[in-house]
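Trainee: Sequence:
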Amino acid sequence: MPDMLQHVKKILVVEDQEQFSAPIRRWLEDEGYHVTLANNYEDAYNAIHSQHFHLAIVDISLVHDDPTDEGGLNLLREIESMELNQIMPCIVLTANVNVNNLLEATQERKVAGYIQKSPGYRTKLLTAVRQLFDDNIRINFDLAYDVRSVELVKDVADDVNWSMSGKPMLGILTEQVRDLFGKLFVDAKRVHIAKLKPGLTGAAVIRVQPTWTHGLGPPYVAKIGREDKVSTEAERYETYVRRYLPPNTIAQVKDVAYSRNVGALLYTFAENDMVPLNEFDEFYQKSSPDVIANSLRNLFETTCRYWYDARERKISDLIDTYYNAFQLDEEKLIQRIQVVLPHFDPDAERFRFEHVPIEAINPVTWLRRHQHEFVLPTYHCITHGDLTGRNIMVDQTNKCWLIDFYRTQHSHILRDFVILETDIKYRLMRTPPLEKFLRMEEGLLLTDKSGEETTVNLNVSRDIRKAMTVINILRSVAYEFVSGGFRAKYQESQREYLASLLMTTLNVARLRHIPEDRKYQALLSASLICAELDLLAGREPNRPKYVESNQEAPMAAWSDTAVSTTAQQRYLSDRLQQRQLMLFLGSETPTGFSWLTSVDELVQLPWQAIYTTTRNQQVENKCRQYRVPHEVIDQPQQQSGSGNGRLPIYKLYGSPNQTVLSGQRLDLP
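Start counting at 1 in the sequence shown, then tack on 273, and there's your number in this note's numbering.
Keep in mind that the hints were calculated from the coordinates and are not lab data. Hints should not be assumed to be uniformly reliable.
[Said to hold, decoys possible] Heads up, simulated DSS-like pairs for lysine-lysine below, C-alpha to C-alpha not over 30 Å straight-line:
#, residue 1, residue 2
1, K470, K502
2, K427, K502
3, K502, K672
4, K527, K672
5, K527, K282
6, K427, K440
7, K440, K282
8, K468, K282
9, K283, K390
10, K502, K440
11, K527, K440
12, K527, K468
13, K468, K672
14, K470, K440
15, K470, K672
16, K427, K527
17, K440, K468
Work the whole structure out from these sequences, hints included.
Mentor: Right under this line is the structure:
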């Protein structure tokens, strides 16, 4: 087995005859390659789906006494369908020349080399392998890692988020991440890596300091994510960024590298080659409000202006614009709100918060009623698309640099402003008490009306004052771009900004990285924005208000007890106490916690029923141990004993199709 700290060259050899596979394996291992052998199509297929290889050597015929066998050719077709040709080049071996197979392998399947098993082919094979590693694969397998850096490679691989799609095994991803560093720094002697905060798009972000032959080189920022996302970002960088923004305003993509499942973008900063930049998150926490505000003003007026000055005015539906931008629709929005507020009625005029005596206008029904007001002439242009603090770096002169262009595209001109405002409110600013948050929102709206900042007499914390100062500057710069500097158009600009902010604030309810208590505040803010838009339209505003409540110490509940558990957990707890929950347990032993201890606790809860498999005997054993009245139901027609106070434990067996076809379903409660 190779040393885990050693970056080895891994080759898959697919050969059915031992008289060939044994010497080939020996030759390659003598050269330092790590070899995995498969002697048939099935083993080779399983290997390429479960392991990571840099190169494959494939015999076209995998049944030596059948000259028509195309097992190896079928494997090449599979490799091509998986788009692995560039990542894992293939060399074809054969003892019998079949012209048709040879043409398909070299022309259609894009194999990298063809070698016939003839006397002296050892030299040809080893030469071909060596050339492919040098010219095609181009990975620096000798790249050294500074102290503890190599240990972070696994963490980097783990940071890459696959969302709902199946994530490859961590071991395979770790190998691929090492390949990426080897491709990006093919001529370096060593690297020092340090993790930055992961991107909100599910990518890992790393600061990399390489050492070259003659000394230390400039630092870089590497972004490692899913291969398809990296490819999209690289394409959008070329289309929307490199052609429009000067090099001294943005991070430059120096290189892009791909492995099978992951890819990497290597960013460099033109004016700061030897000085590491800071993350905006850190800059925000440590800097004064005026410094932050000036840095952001400079970002929009000197960097983003290159995009915004090329704006085009057209009639657009802002609701659809932002729903599409956030991959959202009303149904998904309602579902996300109901995660936070399980009793939320999407058709009601108003809604109430749990444990808090506040009633507010329902922004979903408000949007339905006034959706025609969101169809208006607006400016569209290239926007960053995801302008959060995670995608801004700051240099020693407090200059902001943009990174992460995965969502960069044509969109509403205010998109970057409202996304950054919500990021400041709900992520960068420390969580304020609800009363203070309300004061902040009212103060921001009052500033919009008067044009003068009102933070002094609000009796709020310094952290809130900082956020208000920065947000006020954001809004004033946004109004300048939308109004063209004409003061008479400021009210129209404010209305357009608030409409955009409403959609972006509602989007906060679906963001997984935002805590639940901040989502409560976002929903309250959305209600306030609806009321302000009513006022701007000449209608009577319907603002949030306190109502009668039987809850003891409701405000304390908001800040402590209510936020210690999620709304989902409280909802499930209520249903559990009412015996309205069923538990499903499979046969596999869960990982990551003590399974037996959890069963001890689970069987003593008031479930309506438990479903498990015939293989799992732990549940009934624990019921007997803790004297929980129960009944095991393992026959299709057996009646449930739930009516007599016994816990029914249903044993699932057979395939679902067989059960349905035979008409023998378990008696589901």
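Trainee: Look at each hint and say if it fits the structure.
Mentor: How the hints compare with the structure:
1. Taking the CA atoms of K470 and K502, the gap is near 18 Å; set against the 30 Å cutoff, the hint holds.
2. For the hint pairing K427 with K502, the CA-to-CA distance comes to about 20 Å; that is within 30 Å, so the pair holds.
3. For the suggested pair K502 and K672, the alpha carbons sit about 28 Å apart, so the restraint of at most 30 Å is met.
4. Proposed proximity of K527 and K672 is supported: the alpha carbons are some 20 Å apart, at most 30 Å.
5. Restraint check for K527 and K282: the C-alpha separation of about 26 Å stays at or below 30 Å, so the hint holds.
6. Taking the CA atoms of K427 and K440, the gap is near 14 Å; set against the 30 Å cutoff, the hint holds.
7. For the hint pairing K440 with K282, the CA-to-CA distance comes to about 24 Å; that is within 30 Å, so the pair holds.
8. A hinted pair counts as satisfied when its Cα atoms are at most 30 Å apart, and K468 with K282 qualifies at roughly 26 Å.
9. The straight-line distance between the Cα atoms of K283 and K390 is roughly 22 Å, inside the 30 Å bound, and the hint therefore holds.
10. Of the pairs offered as hints, the one joining K502 and K440 holds, with about 14 Å between alpha carbons and a cut-off of 30 Å not exceeded.
11. The hinted pair formed by K527 and K440 meets the criterion: a straight-line CA distance of about 28 Å does not exceed 30 Å.
12. Pair hint K527 plus K468 holds up; C-alpha atoms about 19 Å apart against a cutoff of 30 Å.
13. About 22 Å separates the Cα atoms of K468 and K672, which keeps this hinted pair within 30 Å; it holds.
14. Restraint check: the Cα-Cα separation between K470 and K440 comes to about 20 Å, which is no more than 30 Å; the hinted pair holds.
15. Among the hinted pairs, K470 with K672 is consistent with the structure: their alpha-carbon atoms are about 20 Å apart, no more than 30 Å.
16. Distance hint between K427 and K527 is fulfilled; the C-alpha atoms sit about 24 Å from each other, no more than 30 Å.
17. For the proposed pair K440 and K468, the alpha carbon gap of about 21 Å is at most 30 Å, so the pair holds.
Of the numbered hints given earlier, the model fails none.
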